[in-house]
Amino acid sequence: MLDKEGIARRIAKEIQDGYYVNLGIGIPTLVANYIPSNLEVVLQSENGLLGMGPFPIEGEEDADLINAGKQTITTLPGSSIFDSAMSFGMIRSQKIDLTILGAMEVSENGDIANWKIPGKMVKGMGGAMDLVASAKNIIVAMQHINKAGESKLLPKCTLPLTGVNCIKKVVTELAVLDILPEGGFKLIERAPGVGVDYIKAATLGKLFAADDVPEMQLN
Amino acid sequence: MINKVVSGADEAIRDIEDGMTLMLGGFGLCGIPENCINALIRKGAKELTCISNNAGVDDFGIGLLLQTRQVKKMISSYVGENSEFERQLLSGELEVELIPQGTLATRCMAAGYGMPAIFTPAGVGTEVAEGKETRIFNGKEYLMEYAFDADFALVKAWKGDTAGNLIFRSTSRNFNPVMATAGRITVAEVEHLVEAGELDPDQIHTPGVFVHRIFQGTDYEKRIEKRTVRQKES
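Taken in sequence, the protein lines are chains A and B. With this note's numbering, letter number 161 in the first sequence gets 161, and the count goes up by one each step, no holes. With this note's numbering, letter number 9 in the second sequence gets 9, and the count goes up by one each step, no holes.
Please keep in mind that the hints were generated in silico from the structure rather than gathered at the bench. Careful: at least some of the hints might be erroneous.
[Unchecked claim] Think about it this way: if two alpha-carbon atoms lie no more than 27 Å apart in a straight line, the pair counts; the simulated BS3-like pairs of lysine-lysine are:
1. 43(B) to 222(B)
2. 4(A) to 226(B)
3. 232(B) to 4(A)
4. 123(A) to 73(B)
5. 123(A) to 232(B)
6. 222(B) to 123(A)
These numbers come from a predicted model, not from an experiment.
Looking at chain A on its own, in the form it has when it is part of the complex (with noise of 0.2 Å):
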């Protein structure tokens, strides 16, 4: 089983040299420190920067400096900063490569639900319809369970949705899952010392799983 830096460290490898790359709040943000240091890779902050650099040293923090989390950051050379509707036009013209965020609840038929609980959690979706609505690529990032032992890959949302048909491929703390086409959840890897059987119970959406899966590689 995998603990979040884990989770972050196997999507890191799904990210390719050239790749722009919008990373969501919480597990998608520490992708960013498993990114192999020999890809040329550009992260956006959809507040407007693109070539998102890590935190600033300490006493060197700018108020007019954050990321799309409202963390203070830093730029890179070659970065560059633009308005928000510029930024949201290069995400609807797929400009960026690739999109990691978290969820509440994916389903089968790859819709997902991360920004509302009704009569709960009031917060907003920020940018994350227009990201799933346009991405050519979403990787979710998030726990296989809730807190009340849920699964939360599940054959439909019970939350409000966030997008329809849109997610591509899940990374939990159990497994690599390829979202088909046609519907239902296909495992591609398991965590180390994971078992099939394990991650079957854990999945509420209809699973696809030969009896041979691989075990991740984490490098």
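Add chain B to chain A, keeping to what the hints say.
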């Protein structure tokens, strides 16, 4: 050059009346029109509809206007940092319309660019789409979203000149230039107000034609919402 300079925030927002719709620039607490917000509290205009990506925090930004109960409705994309907001919303004191961030930006842009509506895929198949007209283009479904109609846009820039030309700094640009194009009256507060001619025309982000009033802001706090740092590598 037409001179757009007013004496300060109080003069700039003098005719904001009860029930008006305002756009406020900024993302989180970054690039918010601090002086205009404080002047609004002094003026006490009520029943305001505020179009702003976020609602500030409890004791800063738009959060201050919530404390004084001057806001009737918020149109935002993310309001997670403000417990007073959440309380007023759940108790029914405050109306809120949550819309996707890109839709928010583009509805501002449409207003500034003279387009009555735009089509976006954001929100298709979700509750955001309820009651909205849709169209299929090249096999994909889009929602029709209307341009905003705001009485005032209140924006914050880094530098501005007496002709109303604006330059923004770093990610405090965010919604500011988009909203600056979109107000019936656009008010710009700036950290550095200079004479027309002192800014390089090639570097202007917002041409002065969009800006009706500009003033030299004062006492900027520029609060950081989430201070994150790393240690110097030895």
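Status of each hint after checking the structure:
no., hint, verdict
1, 43(B) to 222(B), "22 Å, holds"
2, 4(A) to 226(B), "21 Å, holds"
3, 232(B) to 4(A), "25 Å, holds"
4, 123(A) to 73(B), "15 Å, holds"
5, 123(A) to 232(B), "35 Å, violated"
6, 222(B) to 123(A), "23 Å, holds"
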